[in-house]
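Enquirer: As a plain string of letters, each chain reads:
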Amino acid sequence: MTALLLITIRIPSDARTVTDQLGRLVTVPDKPQRVVSLAPNITEIIFAIGQEHRLKGVTMYSDYPPKAAKLPMVGSYVHLDLERIVALKPDLCIAISDGNPKVVAQRLESLKIPVYAVDPRDLNTIMETIIEIGKLLNANKQAKLLVQNMRFRIQRVKSLVAKTAHRPRVFSQIGISPIVSIGTNTFMHELIILAGGINLAAGPVSYPRFSLEQVLALSPEVIIITSMARAAIFEKVKSEWNKWPDLPAVRDKRIFLENSNLFDRPTPRLVDGLELLIRLIHPELFEEVD
Amino acid sequence: MNTQTPSLLKRLLFISLSLALVLLIAMFLGLSMGSTQTGIHAFLQNLTGTGSSDSMLDTIIWQIRFPRILLATLVGAALSLGGLVFQALLRNPLAEPYILGISGGSAIGAIIGILMGFSRFPGVSLTAFAGSIATLLLILVMSSGQTILKKDALLLSGVMVNAFCAAVIMFLISLTQDSRLHSIIFWLMGDLSMVDIGHVGILAAILLPCFILVFWFSNSMNLLLMGKEMAQTMGVNIKAVTVILLVTTSFMVSATVSYCGLVGFIGLVVPHLLRLLFGPDHRVLVPACVLGGGAYLVFCDVFARTLPEQGEMPAGVITAMIGAPLFIYLLKRTRR
Chain L
29 MTALLLITIR
39 IPSDARTVTD
49 QLGRLVTVPD
59 KPQRVVSLAP
69 NITEIIFAIG
79 QEHRLKGVTM
89 YSDYPPKAAK
99 LPMVGSYVHL
109 DLERIVALKP
119 DLCIAISDGN
129 PKVVAQRLES
139 LKIPVYAVDP
149 RDLNTIMETI
159 IEIGKLLNAN
169 KQAKLLVQNM
179 RFRIQRVKSL
189 VAKTAHRPRV
199 FSQIGISPIV
209 SIGTNTFMHE
219 LIILAGGINL
229 AAGPVSYPRF
239 SLEQVLALSP
249 EVIIITSMAR
259 AAIFEKVKSE
269 WNKWPDLPAV
279 RDKRIFLENS
289 NLFDRPTPRL
299 VDGLELLIRL
309 IHPELFEEVD
Chain U
22 MNTQTPSLLK
32 RLLFISLSLA
42 LVLLIAMFLG
52 LSMGSTQTGI
62 HAFLQNLTGT
72 GSSDSMLDTI
82 IWQIRFPRIL
92 LATLVGAALS
102 LGGLVFQALL
112 RNPLAEPYIL
122 GISGGSAIGA
132 IIGILMGFSR
142 FPGVSLTAFA
152 GSIATLLLIL
162 VMSSGQTILK
172 KDALLLSGVM
182 VNAFCAAVIM
192 FLISLTQDSR
202 LHSIIFWLMG
212 DLSMVDIGHV
222 GILAAILLPC
232 FILVFWFSNS
242 MNLLLMGKEM
252 AQTMGVNIKA
262 VTVILLVTTS
272 FMVSATVSYC
282 GLVGFIGLVV
292 PHLLRLLFGP
302 DHRVLVPACV
312 LGGGAYLVFC
322 DVFARTLPEQ
332 GEMPAGVITA
342 MIGAPLFIYL
352 LKRTRR
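Chain order of the listed sequences is L and U.
Quick note, this note's numbering runs 28 ahead of the 1-based positions in the first sequence.
Quick note, this note's numbering runs 21 ahead of the 1-based positions in the second sequence.
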């Protein structure tokens, strides 16, 4: 927590020195006017706190909100195009530590472009990241409101889950062939636990591979496929699972396809994903209400 | 020999100057074209100081593109020279640092360096060099004793070591699951985009002495090509020349691999093309490879930067896509 504290030192000009989420000192303008976001989730956060007018460039797959896709692109977040970034004359770049190559940040800094790095790891640090970006872009109030709203909705899910002791076994499939799931160190894992499920793939490996036989042995009650795959492929995968009628998830028809962006991007939309998950994992909690 | 010297000097000068011109054209294109499409006109204005001074354009041209074309020149030169040396030493037109597994070995070293979180320099460079020297030693030990100069023994050991290296690279990649995977894959495809002028300076300081050393031995390579006995009677210490050239070349290759990954086919295409144009004299071919190889990679990199609509592609993709068909065409033409 202390490492994330914002230290503000007044510098005579209209710039200030702050500590980013990696503990690096960065001199940023007081009122950044030309911000380039180096990852889709940062773009989403900037839109969510209503600061999109400062945003001059985004990365590939910055597709939410749809308006973001109209902004100039500077390559993909793992393979950034330095020349395009510089051509946008940014006064601030916001980078993500898990994804953006370190060399790019170093090169940008050597070209006198400040790079503020964020490091969201779970829901709590995502909310901290939103607050930080709010401070950077002079949007404290909007950021705080957004985080309050997120906390409220997370709390609502928690109190719903508390009503039941049942914890269904959930298998989250992010890769079709080979079968890939998600370990403990992922956003999806946190969401499954919060939504009152058991993540069958919990473990130290972030994206463990599974053989068909391992999945059958785990006997999942809910299978959630969050792949970028289209609906047609989903039907095919579903029919593959349907070959095993003894599988609880097949028997109870609880195989779902959901938009992966709601579960793997560190953005406010993770809370949408959480609310979706609790309906998939604990439909019984909603029957009484509806 | 002595009567030939003036004409050789003339030929050398003529060929070097014309290839230097090609290189300059390539560099000019490399400076004026890029993913932001600023165009030749804007570059000329910037060069002559006319037109509005634009600090952003300055930065793009001189701090992003300039180091990059210098890097491409150095890497292209080193890799073509590497190919030329191996083809002479092994008397085999298909020899190349890649065939011998030298590139593969330095790639393993570099990937281990990346996985351990080292920075590109000096960490990854050192692990890459260690990897290439290890494979070189392995090849030399495998084909040791009297067989060291038997080209088949050396080449076959190289092919085996290379296959092994490819397997280890795949193994390391399949173990990697986080974002480092992307950076390793881009780097493996040969990526020139992330260097600054300091890195280029270091690489130049490493490579230029190697170029001179290889040029020093260019006549020995001519004699080696005439056959072992012939070379020995002409006073060439075959073992010493072979070892010195192998180590120098591995050193050059590992230096380039650690900076920009595996850029393929240059060592095959450029020496063959130049040999077709200028004949087999290594005293001409060594400087020609340095200039021509440099120009070739700068051209390829210009394509890599301007072809895709979104972002850039690694230059190694282009060198392979141009290189392989060109190579097949050349082979067919020479046979006819």
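Calculated from the structure, these hints are not laboratory results.
In this text, all values refer to a predicted model and were calculated from it rather than measured experimentally.
Among the hints, erroneous ones may be present.
What the hints assert, rightly or not - Simulated coverage check for chain U against chain L, where a stretch passes if three residues somewhere in it have a Cβ under 8 Å from a Cβ of chain L:
| id | region |
| --- | --- |
| 1 | 30-38 |
| 2 | 76-87 |
| 3 | 214-224 |
Just so you know, even glycine gets a beta-carbon here, dropped at the ideal spot from N, CA and C.
Enquirer: Of the hints given before, which are not true for this structure?
Expert: Hint 1 contradicted; others consistent.
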